[in-house]
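Sequences and hints are given; from them, build the entire structure.
Protein chains: 2
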Amino acid sequence: MLGKNKIKFIRSLERKKERRESGCFLAEGSKLVGDTLDAFACELLVATPAWLQAHREARAAEIVEAAPEEIARASLLTTPQEVLAVYRIPHRTLDAAAVEERLTLALDTVQDPGNLGTIVRIADWYGIDDIVCSPACADLYNPKTVQATMGALSRVRVHYMPLPEFLSQVRVPVYGTFLDGENIYTQPLAERAVLVMGNEGSGISAEVEPYIARRLFLPDYPEGRAASESLNVAVATAVACAEFRRPK
Amino acid sequence: MLGKNKIKFIRSLERKKERRESGCFLAEGSKLVGDTLDAFACELLVATPAWLQAHREARAAEIVEAAPEEIARASLLTTPQEVLAVYRIPHRTLDAAAVEERLTLALDTVQDPGNLGTIVRIADWYGIDDIVCSPACADLYNPKTVQATMGALSRVRVHYMPLPEFLSQVRVPVYGTFLDGENIYTQPLAERAVLVMGNEGSGISAEVEPYIARRLFLPDYPEGRAASESLNVAVATAVACAEFRRPK
Numbered sequence: 001m002l003g004k005n006k007i008k009f010i011r012s013l014e015r016k017k018e019r020r021e022s023g024c025f026l027a028e029g030s031k032l033v034g035d036t037l038d039a040f041a042c043e044l045l046v047a048t049p050a051w052l053q054a055h056r057e058a059r060a061a062e063i064v065e066a067a068p069e070e071i072a073r074a075s076l077l078t079t080p081q082e083v084l085a086v087y088r089i090p091h092r093t094l095d096a097a098a099v100e101e102r103l104t105l106a107l108d109t110v111q112d113p114g115n116l117g118t119i120v121r122i123a124d125w126y127g128i129d130d131i132v133c134s135p136a137c138a139d140l141y142n143p144k145t146v147q148a149t150m151g152a153l154s155r156v157r158v159h160y161m162p163l164p165e166f167l168s169q170v171r172v173p174v175y176g177t178f179l180d181g182e183n184i185y186t187q188p189l190a191e192r193a194v195l196v197m198g199n200e201g202s203g204i205s206a207e208v209e210p211y212i213a214r215r216l217f218l219p220d221y222p223e224g225r226a227a228s229e230s231l232n233v234a235v236a237t238a239v240a241c242a243e244f245r246r247p248k
Numbered sequence: 001m002l003g004k005n006k007i008k009f010i011r012s013l014e015r016k017k018e019r020r021e022s023g024c025f026l027a028e029g030s031k032l033v034g035d036t037l038d039a040f041a042c043e044l045l046v047a048t049p050a051w052l053q054a055h056r057e058a059r060a061a062e063i064v065e066a067a068p069e070e071i072a073r074a075s076l077l078t079t080p081q082e083v084l085a086v087y088r089i090p091h092r093t094l095d096a097a098a099v100e101e102r103l104t105l106a107l108d109t110v111q112d113p114g115n116l117g118t119i120v121r122i123a124d125w126y127g128i129d130d131i132v133c134s135p136a137c138a139d140l141y142n143p144k145t146v147q148a149t150m151g152a153l154s155r156v157r158v159h160y161m162p163l164p165e166f167l168s169q170v171r172v173p174v175y176g177t178f179l180d181g182e183n184i185y186t187q188p189l190a191e192r193a194v195l196v197m198g199n200e201g202s203g204i205s206a207e208v209e210p211y212i213a214r215r216l217f218l219p220d221y222p223e224g225r226a227a228s229e230s231l232n233v234a235v236a237t238a239v240a241c242a243e244f245r246r247p248k
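Quick mapping for you: the protein sequence lines, in order, are chains A and B. Take 1 as the starting number for the first sequence in our numbering and just add one per residue. Take 1 as the starting number for the second sequence in our numbering and just add one per residue.
Among the clues, some could well be false.
Note: identical chains are not told apart, hence a pair may lie in one copy or across any two.
Straight line, CA to CA, 30 Å or less: simulated DSS-like cross-link-like pairs of lysine-lysine [what the hints assert, rightly or not]: (1) K16 x K248; (2) K6 x K144; (3) K16 x K144; (4) K31 x K17; (5) K248 x K4; (6) K16 x K6; (7) K16 x K4; (8) K248 x K17; (9) K248 x K144; (10) K31 x K144.
Keep in mind that the hints were calculated from the coordinates and are not lab data.
This is how it looks when you write it as structure tokens:
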């Protein structure tokens with residue numbers, strides 16, 4: 001039985017202020033909870049009797065058995081699922097030495113929670129371990145972002161810090177995509193690098209631009225037609241990452 | 001002044017049945033309406049006085065000046081905009097001869113309206129003029145799809161027909177993406193071809209698979225890690241189209 005106060009608490013995790021104060025975030029659905037239960041400290045697991053029966057190995061500080069109607073009252077989804085989990089937000093530290101050895105993503109004011117979640121999923125697919133987000137990016141623990149990662153947030157580490165602070169320390173080449181950049185297919189792409197992607201509407205900000213030595217453009221086809229003004233930022237991230245990871 | 005009946009009619013276009021009966025669809029927002037007004041027959045344009053003042057060239061069978069609060073009552077968006085347009089759904093014919101000369105996309109049960117809209121936008125970017133959708137795909141004129149195309153639906157033609165019927169007539173190579181396909185980076189990709197993308201959860205259906213001679217796989221990195229189970233279908237479409245369009 002899921003009490004009123006717990007329902008209220010769970011629903012409050014939609015808001016950043018409440019997430020910051022409680023140090024918790026919400027994940028919903030069997031696939032997502034299954035993918036994240038081993039990766040985060042679970043404070044509260046709410047599930048139907050059938051789900052708990054099928055997942056006897058599930059561990060949490062508190063487990064509440066609830067009817068689907070009760071879960072629906074706590075859920076932030078349009079189509080509530082049979083399980084939801086409240087996790088503790090982990091503390092992530094960026095390993096500066098590792099950045100010198102790998103491909104790292106940096107996001108400059110990517111504001112849409114769904115886009116951020118999709119980018120985390122793309123990073124996971126392309127073996128990118130760290131994403132550095134500017135403070136104005138969407139919050140990783142926004143429930144919409146969490147859901148859009150499809151569980152990838154348990155593997156990819158997302159850090160928040162001013163990008164000038166991060167990029168000024170980086171010794172590997174820093175790439176970014178611009179509408180007036182060089183065609184990505186004609187440029188050498190380093191294996192150890194930072195790739196910066198910009199805001200949905202305005203691209204990479206004037207504040208971040210000076211740190212980007214290698215300006216890339218993802219060409220349309222036939223090149224220069226540019227019927228649509230741009231690719232969605234998550235889609236552009238995928239196309240760019242695929243090219244970085246393409247066998248040379 | 002926007003009357004009750006018009007508000008009801010506009011809102012009814014959220015449902016496929018009403019779209020089919022009226023032969024109309026809805027587009028909202030200045031950017032989207034601006035991009036589509038020349039491409040479709042506009043039955044009804046509803047806008048604020050300020051928008052109409054700034055767009056004197058806008059033509060429609062009926063133009064209604066309305067206050068923002070009135071537009072908000074008719075709008076299907078969370079954040080209503082200053083203009084919305086009701087267009088006549090056009091009749092599209094697939095030019096079979098053109099398919100032999102180009103790259104064409106075919107979608108097998110892509111059910112999410114947002115994914116379909118994003119794919120239309122990607123097709124536009126990569127110079128793909130036609131998309132053939134199986135009848136079980138999301139409807140192009142679903143307002144969520146329309147909004148997600150960002151106006152690209154005025155340039156890309158989307159057709160609905162059973163894919164076996166379409167693919168059995170095609171003489172260019174037919175490609176599709178499968179988890180057990182051949183690495184796309186090791187395969188010759190024809191310029192004139194059909195590329196089939198499958199359903200969000202289950203991929204390409206058993207009914208369509210026999211028509212696909214060239215099975216492709218979009219590799220993760222490092223290859224075979226496959227931490228996430230897959231890329232989102234729109235993201236996968238972009239990565240595949242980018243590779244088809246990549247300079248050889």
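Evaluated hints:
| no. | hint | in the structure |
| --- | --- | --- |
| 1 | K16 x K248 | neither (43 Å within a copy, 47 Å between copies) |
| 2 | K6 x K144 | within (20 Å within a copy, 33 Å between copies) |
| 3 | K16 x K144 | both (12 Å within a copy, 27 Å between copies) |
| 4 | K31 x K17 | within (27 Å within a copy, 33 Å between copies) |
| 5 | K248 x K4 | neither (57 Å within a copy, 62 Å between copies) |
| 6 | K16 x K6 | within (18 Å within a copy, 39 Å between copies) |
| 7 | K16 x K4 | within (21 Å within a copy, 38 Å between copies) |
| 8 | K248 x K17 | neither (46 Å within a copy, 51 Å between copies) |
| 9 | K248 x K144 | neither (36 Å within a copy, 39 Å between copies) |
| 10 | K31 x K144 | both (15 Å within a copy, 25 Å between copies) |
Against the hints set out earlier in the document, violations occur for numbers 1, 5, 8, 9.
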